[in-house]
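Asks: The listed protein sequences derive, respectively, from chains A and B. This note's numbering puts the first sequence at residues 1 to 162. This note's numbering puts the second sequence at residues 163 to 303.
Honestly, the hints are just simulated from the structure, not real lab data. It should be emphasised that the depicted structure is a prediction, and the values quoted were computed from it without experimental measurement. The C-beta atom is built at its ideal place from N, Cα and C for all residues, glycine as well. Take these hints with a grain of salt, some might be off.
[To be verified] Derived, one-sided and incomplete: chain A residues facing chain B with beta-carbon distance under 10 Å:
{"hint": "1", "residue": "F8"}
{"hint": "2", "residue": "S117"}
{"hint": "3", "residue": "V125"}
[To be verified] Simulated restraints, written as ranges between beta carbons of each label pair:
{"hint": "4", "chain 1": "A", "residue 1": "L68", "chain 2": "B", "residue 2": "C206", "range": "21 to 27 Å"}
{"hint": "5", "chain 1": "A", "residue 1": "K2", "chain 2": "B", "residue 2": "V229", "range": "25 to 31 Å"}
{"hint": "6", "chain 1": "A", "residue 1": "F69", "chain 2": "B", "residue 2": "K205", "range": "19 to 25 Å"}
{"hint": "7", "chain 1": "B", "residue 1": "H298", "chain 2": "A", "residue 2": "R63", "range": "46 to 52 Å"}
[Stated by the list, open to error] Derived, one-sided and incomplete: chain B residues facing chain A with beta-carbon distance under 8 Å:
{"hint": "8", "residue": "T167"}
{"hint": "9", "residue": "G175"}
{"hint": "10", "residue": "I178"}
{"hint": "11", "residue": "A188"}
{"hint": "12", "residue": "K191"}
{"hint": "13", "residue": "I195"}
{"hint": "14", "residue": "L203"}
{"hint": "15", "residue": "F216"}
{"hint": "16", "residue": "L235"}
{"hint": "17", "residue": "L251"}
{"hint": "18", "residue": "F254"}
{"hint": "19", "residue": "I271"}
{"hint": "20", "residue": "S272"}
{"hint": "21", "residue": "T288"}
{"hint": "22", "residue": "H298"}
{"hint": "23", "residue": "L299"}
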Amino acid sequence: MKSHVTAFAGGLLFGVGLLVSGMTEPAKVTGFLDVSGAWDPSLALVMLGAIGVHAVAYRLIRRRPAPLFESTFHVPTRKDVDGKLLAGAAIFGVGWGLAGYCPGPGLTSLAGGSATSAVFVATMVAGMLLQHLTQYVLNHPSRNGGPESNRSIPVANPGLAR
Amino acid sequence: MENFTPVPALVGGLLIGLSSSLILVAHGKVTGISGFVGGLLQKCTTDRAFRAFFLGGLLVAGAGAVVLAPHALGQPVASLPMTAAAGLLVGFGTRLGNGCTSGHGVCGISRQSTRSVLATITFMVTGGITVFVVRHLVGGF
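Work the whole structure out from these sequences, hints included.
Replies: In structure tokens, the structure reads:
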């Protein structure tokens, strides 16, 4: 029960942070990305503020043997830089620049009831499902009866569960 | 730089950093919005309640803004078809690259993850190129 409270409070605080910072205004996001125009550096300060707090807190928190409501920390440990990471980030950036929404601000804006935020969230979910499906098909070539049908392919994307 | 709003940007950023720290100390998790949503769309996910409560908090924050500060939910810059294309790319790309502005940009950089630093540089650069093309070459928004 307490863990539901901290999860909800975390989401609420995150949403308020996005709203206060200007991240839920698409024009501020595209203004930040538009280095060659009337550049608005505000979002650099959003990142600076968030990283400043979390970088210090991260070090203090990781001195604990475990978090409050779980037996271990679930922090990614991967170090390899692969094509999927960079291709995924590149594709995400194009979408971010097109509409000025990343996932958090898109969801936070839903309550505003605009068609734009509803379309953004619906197509974002569709894009996620499409990626999951693509990944599943690539990981299970046997379902297609292809030449590799006897070989088991390990899951190549352990971060998917996160 | 006429639209520069340094104080709200910094204060909002501090709140985002505090939220990520609360989630780490309480739940031991990286606060990654695309990952939280993506996990709810997969069968094998075990921490559904956590994800739902966090995302519920995000939605309630937005609802509060409708009442208290409607201007905070800014006007769209893209047409609906362009927004639909953007949503598909954001959804597909964040799942392929395992993160977005929160998971890579805030949490990953905070723990000096090379993967997250490179991902963040990559999506900032392609986002910048996209805005340049749409705004200055094509003449949209």
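Asks: Which of the numbered hints above does this structure break?
Replies: Hint 23 is the one this structure does not satisfy, whereas the remaining hints hold.
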